[in-house]
Amino acid sequence: MPPAPSSFVEPRRRMSVNGWTTLVVFLPPALVLFTLFVALPMTEAAWYGFYNWNGYGRPEKFVGLKNYQLLLGNAAFLRSLLNNGLIIVVSLVVQLPLALGVALMVAGRITGAAWFRMVFFLPYILADVAAGLIWRFMFDGAYGLPSLVTGALGFAPYYLLADKTWAFSAVLIVILWKYFGFHMMLYVAGLQGIDKSLLEAAEIDGAGPFQRFWRITLPLLGPMIRLSVFFSVVGALQLFDVIVPLTGGGPFETTNTMVSFLYYFGITRMRVGFGSAVGVALFVICVTFAFGYRRLFMRDD
Amino acid sequence: MNVRSLAFSAACLAALVAPAIADTHVTVLHVSENPAQRALWEQIAKDYNAAHKGVTVEMKYLENEAFKAKLPTMLQSDSRPDLFYSWAGGVMQAQAQAGFLKDITSEAAGFEQNLSPTAVDAFKVDGKVVGVPFELGEVVFYYNKKLFEKANVKAEDVKSWDDFLAAVKKLKAAGVTPLVVGAGEKWPMHFYYSYLVMRIGGEHALADAKAGKDGGFKNATFVEAGKRLRELAALDPFQPGYLQTTHAASAGMFGDGKAAMDLMGQWLLAMQAPNSASGKGLPEEDIGILSFPVVPDGKGKATDTLGGVNGWLVAKSAPPEAVDFLKFFSQEKYADEAAEKAAYIPAVKGAEAHFTDPLFKRLASDLAATTYHQNYFDQDLGPSVGRVINDVSVSVAAGEMTPQAAAAAIQDAADQQ
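Residue numbers (numbering that gives the first Met the number 0), protein chains in the order written: chain W, 0 to 300; chain V, 0 to 416.
A few of these clues could be false.
Claimed, not checked - Taking CB as the label site, the calculated pair distances span: (1) V:315 to W:30: 35 to 45 Å; (2) W:20 to V:41: 50 to 60 Å; (3) V:22 to W:77: 17 to 27 Å; (4) W:163 to V:266: 24 to 34 Å; (5) V:401 to W:73: 17 to 27 Å; (6) W:73 to V:109: 45 to 55 Å; (7) W:73 to V:151: 43 to 53 Å; (8) V:315 to W:149: 55 to 65 Å; (9) W:77 to V:401: 14 to 24 Å; (10) W:199 to V:62: 58 to 68 Å; (11) V:278 to W:73: 38 to 48 Å.
Worth flagging that the hints you see were computed from the coordinates, not collected in a lab. We put the beta carbon where it would ideally sit given N, CA and C, even for glycine.
Please take these sequences and the hints and turn them into a complete structure.
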């Protein structure tokens, strides 16, 4: 094949008149929106983070890095960091295998597959706040789930949400219940995209069910798993609306996530400067993760 | 164009333009969810509008949390209300310092003598009047008469802290949960801590601590109050799982007769029935009122009261009609009506005589005869220190924090402001 004439390559490098028009017409609206609603508020938050400010008037008391120093010395914040970590661990170690397992069961053409999928997906559709409120009743020691056990065994009622050691496990249970259906759906979609002939070929070649799963299904699901991990981690970092109605961060600030910590310690306490510092810390963590993860794991997807 | 159509268009134009020129609009933003209170306020606004041509006063409601979150932004925008609901205290001071409030000292001089002096004082910043109070509240022990009878506890015998602890023990021995508290939301527990500080340190305790005298919040009064609170909590007087109970749920438990006492504001009377499992709650004749006991060797009196002071703040840009409306609002006849309907306890002098409801009458008389009225600590101190008081009250009661550490934590928060 003869080399392409240079005139064929040139237009790609230099933008044509047409391309410029498109740029001029379509870029400004997006750029303005991005600047107004993303870049500007973030810059403002970073700026407020250097002030001791209650949200009224203009920030005037410049305190430098004091807010960050207070943040790192705040036991409730460190606990919320740990909690975010726990959510991520449980999402990856418990939720993803569970979602994948259930997906394998309901992806096939078994009777009632659609119905099962719907049932498992339902909690995800429910509003987070509603889920938090429902589970608050479910965990109640006097008439909730624990009362069935303690009542049957004749023990004193157990109030999980009032127990500072275990209250956070209640949050983990709700998150697991609420979001595993979403990940299951991701895997179902992934499984349906796998070419059946590959599995058939493997079967003919004598591969057992485990080998078929390990050597064919799992590698082909790779992109979906990486996406699901990404959603889990970002979702865990941003978790807020389940916490507020379920535990309100208590008892003794043991069940906050970073975002609920920001809300309770920044906004409701009118410490906008301090809250902004929390926001900046959260932003740095999220961005580091998002870009790092994409570079390392999602390069090929 | 004939004459008729010209006249018609002119009339149309006039109809469009006239209200725009003549009308002064006064918006009043509030958070009240009390139907009787809202109905009365709507009525007052209607009466005012009828009596003042060209002025429209409009009552607007915003949910409590939304109100608190939105107000700082609203006050800096053009859609700010002219008059808005306030709990006085630290938030009001922040609003005044940021220059959002109008100094109405001279206008208020015409009618503030009709109002409760402590309530009027609550709405002064650096000696200047920035708002007008409409309501007072009192935190007391509401008790279940039947349960007291069952445990053979006589309310009139409970005068001192020791009497109170004895009553708690007696109730427990009789198999009755002595106290119900919505500690999941923390602030209900801070009523105990606040009252103990008031009873131990007297009327200057909080002001002195704020001013940083004698170690500020680390002084002996606050530490002692923490010790007393722990002394009570060590008797295990609260309902099981109290650390997770919400305020609404605790009101319901009181209504269901699951606990003998609830240290709460006057709104409990409206909340106990709808939140109870039975939906009926306790009949009013079964509910009694007990003042917070005095602490031996304390400087506070039994007649010192803790409770809310609510009022209207005036925004900087509010038209003169807004203040005129507040004068109209503060008339005795409306206060009397509020009292007759037991809608709320008006901050207008003499209103207590118009209550027919015995429980409200008792509260209103307490407030009229108060020797020192203290706004809620968490409102007085503002949200950043106030919420720390709420936090440590729960932690001290639960034995998670020593009284000394709690006092130091409050001082820390005050230092960070």
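Can you tell me whether the CB distance of residue 73 (chain W) to residue 109 (chain V) sits inside 45 to 55 Å? Cβ of residue 73 (chain W) to Cβ of residue 109 (chain V): about 49 Å, so the range 45 to 55 Å holds.
Is it true that the C-beta distance of residue 278 (chain V) to residue 73 (chain W) lies inside 38 to 48 Å, as the hint says? 43 Å, holds
Quick check: does the Cβ-Cβ distance between residue 22 (chain V) and residue 77 (chain W) fall within 17 to 27 Å? Once the Cβ atoms are compared, 56 Å apart, the range 17 to 27 Å for residue 77 (chain W) and residue 22 (chain V) is violated.
Can the suggested window of 58 to 68 Å be confirmed for the beta-carbon pair residue 199 (chain W) and residue 62 (chain V)? Given about 60 Å between the Cβ atoms, the range holds.
Range hint compliance [Cβ, residue 315 (chain V) to residue 149 (chain W), 55 to 65 Å]: Given about 58 Å between the Cβ atoms, the range holds.
How does the Cβ-Cβ distance of residue 73 (chain W) and residue 151 (chain V) compare with 43 to 53 Å: does it lie in that range? At roughly 48 Å between Cβ atoms, residue 151 (chain V) and residue 73 (chain W) fall inside 43 to 53 Å, so the hint holds.
Starting from the range 35 to 45 Å, see whether the pair residue 315 (chain V) and residue 30 (chain W) falls in it by beta-carbon distance. Given range 35 to 45 Å: holds, Cβ gap about 36 Å.
State, for the Cβ atoms of residue 77 (chain W) and residue 401 (chain V), whether the hinted interval 14 to 24 Å holds or is violated. 21 Å, holds
Starting from the range 24 to 34 Å, see whether the pair residue 163 (chain W) and residue 266 (chain V) falls in it by beta-carbon distance. 29 Å, holds
Kindly confirm whether 17 to 27 Å is satisfied by the beta carbon distance between residue 401 (chain V) and residue 73 (chain W). 19 Å, holds
Do the beta carbons of residue 20 (chain W) and residue 41 (chain V) sit within 50 to 60 Å of each other? 58 Å, holds
The structure fails to meet hint 3 from the earlier list, while all remaining hints are met.
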